[in-house]
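Protein chains: 2
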Amino acid sequence: MEAKGKQFIVDSEISWQDLGGGLKRKIMSYDDTMMMVKIEFEKGGIGTPHKHVHTQMSYVESGAFEITIGDRKQILKAGDGYYIPSNVMHGAVCKEAGVLIDMFTPMREDFVK
Amino acid sequence: MEAKGKQFIVDSEISWQDLGGGLKRKIMSYDDTMMMVKIEFEKGGIGTPHKHVHTQMSYVESGAFEITIGDRKQILKAGDGYYIPSNVMHGAVCKEAGVLIDMFTPMREDFVK
Numbered sequence: 001m002e003a004k005g006k007q008f009i010v011d012s013e014i015s016w017q018d019l020g021g022g023l024k025r026k027i028m029s030y031d032d033t034m035m036m037v038k039i040e041f042e043k044g045g046i047g048t049p050h051k052h053v054h055t056q057m058s059y060v061e062s063g064a065f066e067i068t069i070g071d072r073k074q075i076l077k078a079g080d081g082y083y084i085p086s087n088v089m090h091g092a093v094c095k096e097a098g099v100l101i102d103m104f105t106p107m108r109e110d111f112v113k
Numbered sequence: 001m002e003a004k005g006k007q008f009i010v011d012s013e014i015s016w017q018d019l020g021g022g023l024k025r026k027i028m029s030y031d032d033t034m035m036m037v038k039i040e041f042e043k044g045g046i047g048t049p050h051k052h053v054h055t056q057m058s059y060v061e062s063g064a065f066e067i068t069i070g071d072r073k074q075i076l077k078a079g080d081g082y083y084i085p086s087n088v089m090h091g092a093v094c095k096e097a098g099v100l101i102d103m104f105t106p107m108r109e110d111f112v113k
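Residue numbers (UniProt numbering), protein chains in the order written: chain E, 1 to 113; chain C, 1 to 113.
Simulated from the structure, these hints should not be mistaken for lab results.
Note that the structure is a prediction, hence the values are computed from the model and not measured.
Treat the hints loosely; a few may be bogus.
Treat identical chains as interchangeable: a pair holds within one or across any two.
Below, a list of computed lysine to any residue pairs in the SDA-like style, where the Cα atoms sit at most 20 Å apart [unchecked claim]:
no.	residue 1	residue 2
1	6	23
2	113	64
3	77	99
4	24	71
5	4	88
6	24	70
7	6	96
8	24	78
9	77	98
10	51	79
11	95	22
12	77	93
13	43	111
14	43	89
15	6	71
16	51	62
17	51	33
18	6	43
19	4	86
20	43	98
21	77	113
22	24	85
23	51	14
24	77	62
25	77	108
26	51	93
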């Protein structure tokens, strides 16, 4: 089932997309205003620093990550989260294998092209 | 530290707000466009059916929940999620104690008054 407009999101029904470099992604659901994405990292996997106009809030579902936001870094672990304002540079380095839940507003058109 | 604009969100530094009925809430972070909220449910805890203009996407961090969206119900468990379009009625009944991560766009003014 397509992710767009999916109301009940059953993890086991969604296939991983392999992003390379020890990262895998599932687009869980989205509408025009919002998108939920699950990303699994192997230890050492890197979310290369980047920025985008979308506001992002992320939840650390499991594992541990060194998160960089602007010029600050912090280790965050399962149960923690982070907030990326629009157009602020950010990146992640996975210190212990785990999963991030990324939410964006508005949705990421570039993820569904 | 206030939740507004918090970029690195450390779970252990945030106090629970007791909502009664076996529910507790932490406001993790927010800006005008988005808010992240963590809610812990005891088994049997109920999120009474309601609706709001905000788009909501929720992630089931742990436990199991019977989620109602409009006139449909489904059991969702750790790793799953759900999407509530603007102004659609929804509710939750906790079947196994656990935690939901709720994201809203725009932020919930009513949670910080």
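Copy assignment of residue 77 with residue 108, given that the CA separation must stay at most 20 Å: neither (25 Å within a copy, 26 Å between copies)
First find the shortest C-alpha distance between residue 24 and residue 78 inside one copy, then the shortest across copies, and answer within, between, both or neither for a cut-off of 20 Å. Both, since 18 Å and 18 Å are each at most 20 Å.
Given identical chains, is residue 77 near residue 98, meaning Cα to Cα at most 20 Å, within a copy, between copies, both, or neither? both (9 Å within a copy, 18 Å between copies)
For residue 6 and residue 43, with the copy left unspecified, which applies at a CA distance of at most 20 Å: within, between, both, or neither? Classified as neither: same-chain Cα gap 31 Å, cross-chain 26 Å, threshold 20 Å.
My question is about residue 24 and residue 85: at a cut-off of 20 Å on alpha-carbon distance, are they close within one copy, between copies, both, or neither? Classified as neither: same-chain Cα gap 24 Å, cross-chain 27 Å, threshold 20 Å.
20 Å Cα cut-off: does residue 51 pair with residue 62 within a copy, between copies, both or neither? Answer is neither: 24 Å inside a copy and 30 Å across each miss the 20 Å cutoff.
Within a copy, between copies, both or neither: which one fits residue 77 and residue 99 at a CA-CA cutoff of 20 Å? For residue 77 and residue 99, both the intra-copy (10 Å) and inter-copy (16 Å) Cα distances are at most 20 Å.
Alpha-carbon proximity context of residue 6 and residue 71, limit 20 Å: Classified as between: cross-chain Cα gap 15 Å, same-chain 36 Å, threshold 20 Å.
How would you label the pair residue 43, residue 111 (within, between, both, or neither) given a Cα cut-off of 20 Å? Intra 24 Å, inter 37 Å, cutoff 20 Å: neither.
Between the shortest in-copy and the shortest cross-copy C-alpha distance, which are at most 20 Å for residue 77 and residue 93: within, between, both, or neither? within (12 Å within a copy, 28 Å between copies)
When no copy is named, should residue 4 and residue 86 be tagged within, between, both, or neither for a Cα gap of at most 20 Å? Classified as between: cross-chain Cα gap 15 Å, same-chain 23 Å, threshold 20 Å.
Regarding residue 77 and residue 62, is the shortest C-alpha distance of 20 Å or less found within a copy, between copies, in both, or in neither? Result: close both inside a copy and across copies, 7 Å intra and 16 Å inter.
In summary, the structure is inconsistent with hints 1, 2, 4, 6, 7, 10, 13, 14, 16, 18, 21, 22, 23, 25 from the numbered list given earlier, while agreeing with the others.
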